Every structure is written in C-alpha cells, then in structure tokens.
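Asks: Protein chains in written order, with the numbering used here: chain R, 1 to 175; chain G, 1001 to 1748.
Mixed in with the good hints, there may be bad ones.
Partner residues aside, some chain G positions facing chain R, computed with beta carbon under 8 angstroms [said to hold, decoys possible]: (1) Q1373; (2) L1375; (3) N1700.
Label-pair ranges, simulated between beta-carbon atoms [stated by the list, open to error]: (4) G:V1605 to R:D87: 27 to 37 angstroms; (5) R:R51 to G:V1605: 32 to 42 angstroms; (6) G:E1606 to R:H61: 51 to 61 angstroms; (7) R:E52 to G:T1437: 31 to 41 angstroms; (8) G:L1385 to R:V151: 57 to 67 angstroms; (9) R:D87 to G:V1338: 25 to 35 angstroms; (10) G:V1608 to R:I44: 51 to 61 angstroms; (11) G:R1337 to R:S146: 36 to 46 angstroms; (12) G:T1437 to R:V151: 26 to 36 angstroms.
Keep in mind the hints are simulated off the structure, nothing from the lab.
In this text the structure is predicted, and so the values were computed from the model without any measurement.
Glycine included, each C-beta is placed from N, C-alpha and C at the ideal position.
Below, each chain spelled out in residue letters.
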Amino acid sequence: MEFMSSDDTKQRNGQADGQVSASTGGREQMIIFTVGEQRYCIPILSIKEIREFEDPTYLPHCPPYVEGAINIRGNIVTVVNLANYLDTAPQPDNERRVVVIIEDGGQRATCGLLVDSVIGITEIALDEIQPISVDGGAAELSGLVSIGECVIRILRLDAVLGRLLGDDAITAAAG
Amino acid sequence: MGDVMDDILKIFFEECDELLPELESGLGELSEEESSKETINAIFRAVHSIKGGAASFGLDRLVRFAHVYESALDCLRSGTVEPDPAIIKTFYLAMDVLSDLVAEARNTGDPVEDSRIEENVHKLEAIIGQGGEGQPASGVGETPVPEDFTPVTVDLGGFDFDEPVEEAPARTLTVRFRPHSELYSRGDDARNLLMGLRELLPEDALGSLQVTCDMQDLPPLAELSADEACLGWTVQLPEGAGGTTEDDIHAVFDWVGDVCGLEIIREEAAGAASSDEAEAAGDGAEELPFIAEPEAAVALAEEGAVPAPEAEMAASSRPAAPARSGRKRGEQNASIRVDIERIGMLMDMVGEMVIGQASLESALTRENALHDQELLKRLAVIKTLTRDIQEAVMAIRAQPVRHVFQRMQRVVREASALAGKDVALVLEGEETEVDRTLIENLTDPLTHMLRNAVDHGIENPEARQVAGKPAQGTIRLSARHRSGRILIEILDDGGGINTQRVLQTAIKRGIVPPGASLGENEINELIFAPGFSTAEKVSDLSGRGVGMDVVKQAIQNLGGRVTIKSMPGKGTLFTLSLPLTLAVLDGMLIECRGSIMVVPVSSVVELVTVRTDEDVYTIPDGSHVVSVRGRCIPLIYLGDELTLPAEPAGQAGSHHMGRAGEAGQLIVLVVENEAGARAALVVDGVRDQAQVVIKSIEKNYRQIQGVSAATILGDGSVSLILDVSTLIVSATKRVDTRALEAIAERAA
C-alpha cells in the first residue's frame, strides 16, 4: 500500500490515441505485446506501469471484454481482456499474463489491458505505418507496421477507453 | 507588477464574497428584529470595506453606489432611521445591486443597468432624507471630507479601538522611528518595536498610546519596490505614568539602533503636538497617488485588510503587518485561507490511511495475532485515531448550508418580483453542516426549485385571498440531519399540485400515453420527466421545460433523492435527501457468490433468516416475495440480479447458503429507500461493518446498474457499493403490488 500515488509525479504527456504524433525525428517508441498469436503495440508514453495479473473484482452486467476492476493505489481501474476485445483466442494456460496500465492523455481515463506477454520495446518510423481502413471492421487498430518478418498491429487506445466509458463517451471523443 | 495587482484584485473579490453574505445575514437579523448595534455595525462595515477596496482599484461605479448605501446605513447606525420592513427591503434590493456591481467589476456578471442603479440610489437617498440633513456618509470614526482626515490609531490588540483618548497626560513622549530596509532584511519587524513600546505602559494606561503611521514616502503601488522600507511611525506615549522614560525607549531600540532612525521628543502640550502630527500623517496619506479618493486612504489604513497592505505583504515583509493583525485579532476568530486542493489531498491521504489501517488489521487477523491482548489494544487506539482524523478532516470541509440558503433569499426576491407575487422565504437550520463539495452543487438545483415554487407553487394574490390565505405567500426552506443524511425541505403554502392538469400536460407532451391511469404519486413524479412544464406561458422564471428533470438529475448525481408530497389547497413539499459527504460511507460488508459487496448502513432495515418453504412465495409472474412478520417484500437474488458468475463449487464455504440453501434457509437483508419502499436482498452472509471510502467507478468505466460506486477493502481488493435505491425500484417494478397484498392476506 503506497501512500502517495505516483500519478501526481509522473508527467502526463502520454498520447494514448495511437495516432502517433511527431516525436524525435518522426519516430515513436512503442511497446510490443502479444495477445493470442498476434503482436500488438502501443506508444510507450501512454503506459503508466505493467503489473502482474491479479484476480479482479467482477463488475455486474459487464461486456465479455471487461475482466473486472482492480485497485491501483486507491484508484479503481477496469481491466480489459484484450483477447476478448480483439476477438481472438488467448494463449492457453498462460501463467505469465500481465496487465498493462495505460492512461489516455485526453480523456484522463485509465484502464488496464490484460495481455499474454510483453515482448519488448521498439522504435518505429512514423512513415512506415500502413493505415487500415476503418470500414474493414478494424476500428480497434490504427495501423500496421512491419518489423522484419513480423507484422505488428497498432492498437487504438482511444477506442478501448471509449468502449469502456460507454457509447456516449465515444461520440464525445469523436466530436 | 501587473500580476501583483491582479492578485490583489482577486483578494478583494474574495473578500467581497465574504462580505456580501455577511451583509445579507446582517440584514436578515435586522428583519427578524434581533438586531443589535453590533449587527448594524457589521452591515456597515461590510459595505464600507467593499467601498474602500473598490476605491483603491478605481471601480467608480461600485464606489459611488457603495457610498450612497453606506450613507443610508449610517442613518440606521446613528438611530435616526428605524429599520422598518420597507427600509430593510430597500437595503436588500440595494444589496443585490451591490453584488451585481461586484460581479460586473469582476467580469462575471452582466453590466448593471444605469436605471436600476439610479432607482436604488433614489430609494437610498430617500432614507438618508428621512434621517435628517447633515448626516453625510462617515465611516468608522472617519468623515469623507479630505481636510478632516484623522490620524490612524493602530490597534495593537490590547486596548479598545473605540475608546476615545480623553485624559491626555500632561507630559508626552513622542517617538518617531523609521526602520531602514536592513532592519527587515535581518528578519526583524516594526511590529516588534511597536509591541516593545506597548509593553512599556501598564495595562490600564494602554489607551493613551497613540500610533501614527507615516506613509509620506510610500511610492505609488506600481513603483513600489519590494525590498525598500518606506514607512515610519510616530508613537505618542505618556511619560512617567508607568515609569516610561527616554531610557526605556532607547532600550526598546537598542538592538536596531544602527538600522532604524529614531527621534524622541518630550512635549508638554500634548494635544497640539498630536494634532500636528496627525495633519502631517494625513497629508502624507492624501498624497498617495494610487488612491482614488481620500476616503479610500482611510479605508486602507483603517481596515488594514484592504489590498494595499496585502500588496506589501505579498511583495515583502512590509511593516503594515501590525495594523492587519491587530484588527484581525480584535474582530474575528482566527482563521486561515487554505487552497481547497490541499484539503482534498489531505482527504485522499486520510482515505488511504483508513485503507492501510484496515489492511494492517486484516493481515494481523490472518496471522491470528489478534489473540494477543496487548496488540489488540494498540490496534484499537490506532483505529480510534484514524477515525478521529478522518472526522477532523471532514469537519474542515464541512460548511453550514447558510451560504447557499442565503443566496436563495435573493432568488425568491427576484422571482416574486417578476411573477408579481409577494413571497417570503423562511430559512431554518442554516447551521446544518455538510461537505463543501455538496454545497457547491446544491445551488443550482435549489435555485430552480425555489423559482418553481414561486412561479407554480404560490398562487396569485387574488387566488390566495379567495382561498382565505394571507396575501403573502411563504416558502420554508429547511435543512436538518437525519440518520447520516441531510434532509432539505422546500415547503410552500400554495395550492399544491394540480394532478389533473399535470396529467393532461403529460399526455399532451407525449410523456404518458393517453388514457393511462396513474396514481397520485406517479402523477407528481411526472414533474420530473424530461420536457415537462405546466406553465401556460413561458416566463422568465421557469417554464422552459428544462427544469425539474435537471434538478432531479443533479440531486441524483450527488447521491441524493427528491420526493414530492402535495397537499391540495395547502401547499407542496419537496424533500431532498442527500449524503453528508461524497467521500465516506458507513457500510455493511456482505458476501454473495464469493464477492464482498457494500450496502450502505443507512438503508439497511434488518437482517433476518427466512425459511424457503414457509416464508418465500412465488408469484404468478415468476418473481419471488418473502414475508417478514406479515409484510411481503420483493425478494432480490443479488447474485442473479448482478449477474455474478457462479462460485466454483469447491470454494463454497460451509457457511454458504445460496438460493436453495442446504438448511432450507435464506439470509435476507431488508433494505429501504428514501421513499420507504423495501426489498429483501438474498445474500450469502454478512461479514462486517466498516467505514468505507467512496471511489468513483465512472471515472474509468461507465455507470453500472445497481452499483453506485466502489471502495477498497482492507486487503486491497475492490469492492462494489450497491445502489440500494435502484435495486429496490427494479424489484418493485417487477412485482405486482396486488399480488403482494393477496399473499399478505393469505399469510396472515
């Protein structure tokens, strides 16, 4: 039980929207993780911490992609089961699951992403990102990027938070 | 420098925020005939301080109006005018103008129309006329004519300000001293010197000490350098009476001799000399270029709290401090301004401490250490302390509802003027304290409800006469504590709710289908439906149809509920029930399918064990009710209601008594909402009772049906706080009340 939340001291410069904006020389540091067989990444600046998975408290009437709520230094944070959210099968019997706590700079909302494992950090060039058409049903992703042989999907964090906060919040964020 | 000015201006406005309510409450006391000289003085002081402050900022419109107001009040103070209702009303209206002018100066309100100011000025001047000629405005011991400017006596806290110095001793020592800036940079203060001089005199001779501040060299505020010493003092004290000699005075200045100019003059004819001094000081003040009027100078020096000294305090440790502290000590209880965010931070930390303490306790329980009597005792001490600290912090944030209530006086005044009705607002229980977050959020809903009460509740004067009521309508606004909540009631003595008309309107607006048959309470509830408004013509007051539903929403957001009771021909009663605080809750920890949840203790009626085969009935629509001592209550299977996942079979404890409990028994928690409706929650067990810190879920998630918030338990896990009211509503909606009655009969 920590007394002071690190929230106050941590700089809130995270861009959680996945719409990577200009950083050093058009490059962005990303953290790569796996959900099921796929690799995904999000901007490292949107991440507050990575925690071991602990049993969350079940939230009544919650959609299947909501795992529950956990306590992070006095704040109630909802954990999203990314496998359910992205509609893929998680790795079976995974003991190494972790929760990536992210914060959206704009909406000031925090949530946890339950992922199968965190692989590492990489720096990607912004102009290498291939856009995905939203009509294709991939509203969860903002683009793809290839690193070597591997295609990594960039997760849209604003969409995750929008879904969590309810549909109204999505329209508010879009408008 | 501009920033400093802005800051000072801000302080001035903050003071206005305090002075205006003071003025209002003073006028309230006047009208209740509890007035005393002190009340009138307080009113006078409030207006005077506003005027003084405004003058130093060149807020001309405000100054001019405040000046007339003050003059009128002076007639009251001098007793030439008696505070009859008409005069008090004039003062009230003038106060509204005054606060609007403050808002105007602050750029937070619309500009005040000149005609309105003029009208009020005329009324005030009429009062002044009544009070007889030759009563120009005068402040506390001051007259506005520049030539008569009197020296300023600094109250050092030891003697009565108002007591005139009559017995001037034959021999007077005049001490002039002028600290150099080095004195201040050493950390010393002119205040210490003044206090040192005061100590030379015996207690009873303190009245004969005269202190004048020499501001001759004080540059305009804009040119004021932060670390320059510009002030000097002239102190006159009787020689010999208490054994004061020149040597004594030198002793006082012993430590500062090299950084302070000192001159001691012995005079025989004290009177003449002191008035000369006064003139000199007065001239000095008059020359201050940044002061618009000499009056302001008086206000500045005398009130001490108006911005100039503030400026100095902000800029450096200027010696204006003694004047300020002297006044403060004399006039009000010691208090400090604290940024609300700091209190919020303290509050959060206390919350964390409560959690920490609980987690310590639960850890010790696990270790079975609680059998250790010594440890148990110490833990109890910490528990008590934690609770006390929590309460103390809550008390810091608690404020009487008075501030909001008094604002309502104006709302009613304006609303009744617009509606052409004569309405009096009676306040009760203004001292009732609630958390300030709640207070801030109460203003809007209350404003709307009171406007509504004036517009719709109170009848026209003619209609009132026909009904045999006094022409003046009365609205009673009261607050009181009840079982951990605050109840605010708005009771008007109007005609009550016209259910027929409400129903017709609702049908016309398509809120209810035509031909619907509704109970009286349901019809009354329609007032809160979005888009409902019965006013035939849209008025300024209400009638835009955005009213009561917004009110209800606002109250619900605060964790409160609104109920209506209409007494046809007699009036309408709106009751708001609100939590005392938005931060902490007394909760009962219950267990259901392996989850621990919190039920607010305030809503728990009883905990009973019922037999499934004898007490539980299934009604035709498939829902269940339980009979508790002859009363049938809808049963809520909490686990099902909240779609809790089934507990893995192996983990079910021996105490587990689920829906089809082995012993054929159910543990039910009977809960009640504000309206008195009950429901029985089927739970697996009750764990504990604890104070829990309310944490918002909605900050990071959406609203959950049946859950109002969450908290963190001792072991650090998240627990949900049940929204009993919505659970009851959903349960009673399902259950047909007629079926309940039938079962009750059968059971009896």
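Asks: Next, verify each hint and record whether it holds.
Replies: Okay, the hints, checked on the actual structure:
{"no.": "1", "hint": "Q1373", "in the structure": "26 angstroms, violated"}
{"no.": "2", "hint": "L1375", "in the structure": "19 angstroms, violated"}
{"no.": "3", "hint": "N1700", "in the structure": "5 angstroms, holds"}
{"no.": "4", "hint": "G:V1605 to R:D87: 27 to 37 angstroms", "in the structure": "46 angstroms, violated"}
{"no.": "5", "hint": "R:R51 to G:V1605: 32 to 42 angstroms", "in the structure": "41 angstroms, holds"}
{"no.": "6", "hint": "G:E1606 to R:H61: 51 to 61 angstroms", "in the structure": "28 angstroms, violated"}
{"no.": "7", "hint": "R:E52 to G:T1437: 31 to 41 angstroms", "in the structure": "35 angstroms, holds"}
{"no.": "8", "hint": "G:L1385 to R:V151: 57 to 67 angstroms", "in the structure": "59 angstroms, holds"}
{"no.": "9", "hint": "R:D87 to G:V1338: 25 to 35 angstroms", "in the structure": "51 angstroms, violated"}
{"no.": "10", "hint": "G:V1608 to R:I44: 51 to 61 angstroms", "in the structure": "56 angstroms, holds"}
{"no.": "11", "hint": "G:R1337 to R:S146: 36 to 46 angstroms", "in the structure": "59 angstroms, violated"}
{"no.": "12", "hint": "G:T1437 to R:V151: 26 to 36 angstroms", "in the structure": "50 angstroms, violated"}
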